[in-house]
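Those sequence lines, one after another, are chains A and B.
In this text, residue positions in the first sequence follow my numbering: the first is 1, and each later residue adds one.
In this text, residue positions in the second sequence follow my numbering: the first is 1, and each later residue adds one.
Quick caveat, the hints were computed from the structure, so don't treat them as lab data.
Yeah, the Cβ is synthetic: ideal placement off N, Cα and C, and Gly gets one too.
Errors might be hidden in some of the hints.
[To be verified] Sample of chain B residues lacking proximity to chain A, with all beta carbon distances greater than 12 angstroms (derived):
no., residue
1, SER74
2, ARG75
3, ARG80
4, ALA118
5, ASP127
6, GLY144
7, PHE190
[Claimed, not checked] Not the full set, but computed from the structure, chain B residues with beta-carbon under 10 angstroms of chain A:
no., residue
8, ASN51
9, LEU79
10, ARG81
11, ARG82
12, GLY84
13, LEU92
14, LEU93
15, PRO94
16, ASN101
17, LEU106
18, ASP110
19, ARG112
20, ASP133
21, ALA136
22, PHE138
23, LEU142
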Amino acid sequence: MAGNVVTARFPRRRMIQIVATNVFRFLFRGAARNWIRNLSSTAPALGSMTLLLLLSGVIGLSGFALVNLERVESSQASLLHVYIRDSATSTDVDALWDRLATDPRIGSVYYTTKAEALQRAQHIPGLPQIADAADSNPFPASLDVQVKNINDVAAIDAMVRNDLAVDPVSPTSYDRGAYQRIQAVLFGIAVAGLVFVALLGFVAVTVTLHSIRAAIHSRRDEVAIMQLVGAPRWMVRGPFVIEGAITGGLAGAAAGLVVFGLTMAGIAAGSDSFAQFAPGVTVTVAAFAAILVFTAGVGLGSGSSLVSLRRHLES
Amino acid sequence: MPSIVDLIAVSRAYGPRLALDDVHLALEPGELAFLVGPSGAGKTTLLKLINREIRPTNGEVWVDGIAAHSLKASRVPDLRRRVGVVFQDYKLLPRLTARENVALALQVGDLRVSDHEASERAIDALDAVGLGDRGASFPHQLSGGQQQRVAVARAVVAQPPLLIADEPTGNLDLENSWELMDLFGDIAAFGTAVLIATHNVEIVTRLQRRVLTLVAGRLVRDQPAGKTGRLAWLATS
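All chains, full assembly: derive it from the sequences and hints.
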């Protein structure tokens with residue numbers, strides 16, 4: 001009698017569960033245990049990476065603020081305030097307005113009254129005290145001229161400074177070379193920041209490489225036994241990479257939290273003045289910077305481990 | 001029957017020094033052979049070639065059909081899972097119990113082996129080496145002989161076709177050495193080829209198994225089982 005061949009259903013889900021459990025044990029649990037066991041040798045790497053990531057975060061946020069500041073300065077430098085003489089007639093002012101408005105180099109012209117100038121000054125540090133000290137409103141009316149190209153500002157200034165409507169003592173807000181000076185200072189700060197971060201990065205990577213090398217050295221017998229019983233390469237190397245990622249992740253988390261906390265403290269201390277010194281740095285930007293610092297930490301830790309493994313662990 | 005181990009014109013040099021010179025060797029399934037010779041004769045080098053810890057300078061090394069001589073580093077674990085290894089210094093992981101040490105060898109080779117299955121098979125292997133009741137002991141809680149038996153259990157738990165042992169009795173007293181040799185005999189009887197590098201003359205002469213003699217890197221003598229004679233020369237090596 002012919003029988004039926006019965007094949008048992010392959011317990012795929014259970015198999016996946018077993019494989020996942022084993023992978024978790026060999027990679028993550030082993031790495032976590034070893035990380036805790038080697039904490040004393042990992043501490044210098046943890047410290048230097050935290051410092052690096054913290055400073056990188058602060059410098060990164062400062063750089064972001066500087067870029068925004070440069071944009072603001074650029075925009076302000078191409079905005080020429082043409083100050084109107086108090087005794088100027090409306091005909092003279094209108095004539096000047098017409099000349100400016102029809103000039104193809106100029107984007108827009110806006111008339112600011114003395115009252116508006118006073119109101120604007122209240123938001124600029126130092127100027128409210130001048131206004132309070134004076135008997136009358138010391139701020140002149142002005143034609144605010146938005147020049148299309150920053151390089152034309154000097155020519156516009158020369159064109160208007162002897163006009164009948166213009167204040168002869170302080171004709172315009174034009175300051176020759178001021179914008180270039182600001183740019184030079186910002187560029188210098190950016191270069192110094194990058195050099196500092198590069199140096200600190202070198203130190204952090206070197207310290208991390210040494211700490212992973214020490215971990216490999218202290219576990220060389222264990223590694224040799226794992227290799228001898230046929231452990232695949234990922235199983236031998238993986239825990240070291242994850243240990244590095246744990247170190248970098250913790251350093252990144254700590255640094256990210258401090259960066260976020262510092263920004264929040266700055267915003268809480270005075271949102272107006274903070275926005276002037278660090279334009280564009282908001283809570284969202286700070287949170288993004290913290291996440292970036294954390295991610296960089298994980299990458300730095302695991303990357304350093306990989307480099308160290310390549311150098312010091314024989315296959 | 002195809003050989004488990006085939007060495008064809010194998011040479012291995014360390015710098016200018018030739019550790020193995022034109023060695024030809026074949027080992028059949030279920031065969032137990034001793035590898036003897038004076039210190040520096042090339043015994044350990046030969047075992048390392050079989051386990052692909054090193055590559056030959058010339059020649060071919062075949063292990064269970066795998067070309068060890070040309071094997072990529074990423075494929076070495078595949079070969080190692082076919083070769084059980086026993087060392088003089090046991091090489092057990094001190095932080096794991098005897099059972100965990102044995103189970104580890106199973107699970108690193110096959111992630112589909114569950115904890116329960118690995119544990120059961122590890123206890124079976126420990127039972128087979130007479131240590132079924134010491135599975136929960138850590139290596140430092142075991143004697144040298146017991147540790148070596150745990151190492152044997154670890155080496156055979158995945159039922160590899162080949163077992164190599166480098167001076168396995170080097171740290172054992174005579175009684176433990178004989179027990180270990182009985183164990184190797186039983187393993188060979190189940191079809192696993194066993195190659196043992198040793199200096200122990202008494203064991204080699206009394207067991208009357210195949211003896212391969214290396215001198216200065218050359219395989220100078222290959223005596224079949226039962227025809228090993230007195231091997232008096234070994235006593236002077």
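Verification of the supplied hints:
The Cβ of SER74 (chain B) does not lie farther than 12 angstroms from every Cβ of chain A; its closest approach is about 6 angstroms, which violates its non-interface assignment. Its closest Cβ contact with chain A, about 10 angstroms, brings ARG75 (chain B) to no more than 12 angstroms, contrary to its assignment away from the interface. Non-interface status of ARG80 (chain B) relative to chain A is broken: a Cβ of that chain comes within 12 angstroms, the nearest being about 4 angstroms off. The claim that ALA118 (chain B) is not at the interface with chain A is violated, since a C-beta of that chain comes within 12 angstroms of its own (minimum 9 angstroms).
Distance check for ASP127 (chain B) against chain A: the nearest CB is about 20 angstroms away, which clears 12 angstroms, and the non-interface claim stands. In this structure GLY144 (chain B) is separated from chain A by more than 12 angstroms, as the shortest Cβ-Cβ distance comes to about 17 angstroms. Residue placement check: PHE190 (chain B) keeps its beta carbon more than 12 angstroms from all beta carbons of chain A (closest about 20 angstroms). Given hint, ASN51 (chain B) at the interface with chain A, holds; its Cβ is 7 angstroms from that chain's nearest Cβ, closer than 10 angstroms.
For LEU79 (chain B), the interface hint holds, the least distance from its beta-carbon to any beta-carbon of chain A being 8 angstroms, beneath 10 angstroms. Because the smallest distance between the Cβ of ARG81 (chain B) and any Cβ of chain A comes to about 4 angstroms, under 10 angstroms, the interface hint for this residue holds. Below 10 angstroms, beta-carbon pairs count as interface contacts, and ARG82 (chain B) has one with chain A at about 8 angstroms; its hint therefore holds. The beta carbon of GLY84 (chain B) is positioned within 10 angstroms of a beta carbon in chain A (closest approach about 9 angstroms), and the interface hint is therefore held.
At its closest, the beta carbon of LEU92 (chain B) sits 8 angstroms from a beta carbon of chain A; the interface hint therefore holds under the 10 angstroms criterion. With 10 angstroms as the threshold, the beta carbon of LEU93 (chain B) comes within range of chain A, its nearest partner Cβ sitting at about 6 angstroms, so the hint holds. A least Cβ separation of about 9 angstroms between PRO94 (chain B) and chain A falls short of the 10 angstroms threshold, and the interface hint therefore holds. At about 9 angstroms, the closest approach between the beta carbon of ASN101 (chain B) and any beta carbon in chain A falls short of 10 angstroms, and the interface hint on this residue holds.
Because the beta carbon of LEU106 (chain B) sits about 9 angstroms from the nearest beta carbon in chain A, less than 10 angstroms, this interface hint is met. The restraint placing ASP110 (chain B) at the interface with chain A holds, with a minimum CB-CB distance near 9 angstroms, inside the 10 angstroms limit. Hint on ARG112 (chain B) holds. Least Cβ distance to chain A is approximately 6 angstroms, under the 10 angstroms limit. Residue-level restraint check for ASP133 (chain B) is violated (minimum Cβ-Cβ distance to chain A is 24 angstroms; threshold 10 angstroms).
The restraint placing ALA136 (chain B) at the interface with chain A is violated, with a minimum CB-CB distance near 19 angstroms, outside the 10 angstroms limit. Using the Cβ-Cβ criterion of 10 angstroms, the hint placing PHE138 (chain B) at the interface with chain A is not satisfied: the shortest such distance is roughly 15 angstroms. A least Cβ separation of about 16 angstroms between LEU142 (chain B) and chain A goes past the 10 angstroms threshold, and the interface hint is therefore violated.
When the structure is compared with the earlier hints, violations turn up for hints 1, 2, 3, 4, 20, 21, 22, 23 and for no others.
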